[in-house]
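**Q** The opening position of the sequence shown corresponds to residue 394 in the working numbering, with each subsequent residue numbered one higher.
Honestly, the hints are just simulated from the structure, not real lab data. Please note that a few of the clues may not be correct.
Using 25 Å as the maximum straight-line C-alpha spacing, the simulated BS3-like pairs for lysine-lysine come out as follows [as the list claims (entries may be wrong)]:
1) Lys502 - Lys518
2) Lys592 - Lys615
3) Lys414 - Lys592
4) Lys493 - Lys592
5) Lys449 - Lys424
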Amino acid sequence: MYVRIGQSIDRRQECVDMDQKWDMEILSVEKFAERYEELFHRSFESSKLHYIRFCKAENWSQAVEGTFAIPQKEHLRGEKTAFGYCVLPNRFIFIEYETKIEPMLREMKDYPNIDAASPLQFLFKFMEYLLEDDMIFLQGYEDNLEDLEDELLNNNLEDFNRTILAIRKELSVLSSYYEQLSDMGETLKQNAAEQGAEKEELLFSLLCERAGRFYSTVQELKEYSMQLREMHQTQVDIRQNYEISHDRDNHIYATDTHCRMVWYEFCPYAGAFIAVWICGYLRHLSADCVD
């Protein structure tokens, strides 16, 4: 395999041949449109590549085309790592917009068994690489939620709503991401089956299962976060009810504004009967009861 890099129309760099039967290209949007005009107009209109929001794969005759929109783990709700790709029988093409592919490929060199016999197998390896450390990453969310639960049990409610809302938003980003990767795997598995590529069909079937497990894990974390949110709301309700009850024990409430009185106003009416509403209870008092 050799990699041809053409980030701009005037720049091309050829890398060492790695004795594979297929090659890879990394092209800018403009270069891809120039070199593969038919493919570009079919699936990669300029507006689509400049505003990539989803991971997807589309099957075409003799080609698979799609995009990646990968959330950054350091800032899940920020800008995504976005680029396009195209898989031909003997070529894999990365289509860059703002994201640079080369650093990701350099990191993949240390990934075990990175050699791929076909462009479709390379796509599997690439997607597997994206998921490499995600279970450890998701375990961090479980640890954070457990810490929040301990804080709730200790009645430490400060900034809870803000914290749990941020976690739920990040989990929603991950949920969509894993669901998209699982859908991609299904599409690529179908493509491999249509080509009679049994090994690739099996590989993408395994990828679907792995992405599906991550999706299920995120759903469980979202459910856990919802339980903590309900637990917090219950504690808030209990505290508010206690404060209201305590307040009633120390105050006299008048349900009718015409019955509002204070004790010193009773004196001028000595010998008469008066009516006072106390917590919704009507009580008749004689002047003898008033000091």
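**Q** So, for every hint listed, does it hold in this structure?
**A** Results of checking the hints against the structure:
1. Lys502 - Lys518: 11 Å, holds
2. Lys592 - Lys615: Roughly 35 Å between the alpha carbons, so the hint for Lys592 and Lys615 is violated.
3. Lys414 - Lys592: With Cα atoms ~17 Å apart, Lys414 and Lys592 stay inside 25 Å; holds.
4. Lys493 - Lys592: Cα-Cα ~30 Å, so violated.
5. Lys449 - Lys424: It holds: about 22 Å lies between the C-alpha atoms, which stays within 25 Å.
Checked against the numbered hints given earlier, the structure breaks hints 2, 4 and satisfies all the rest.
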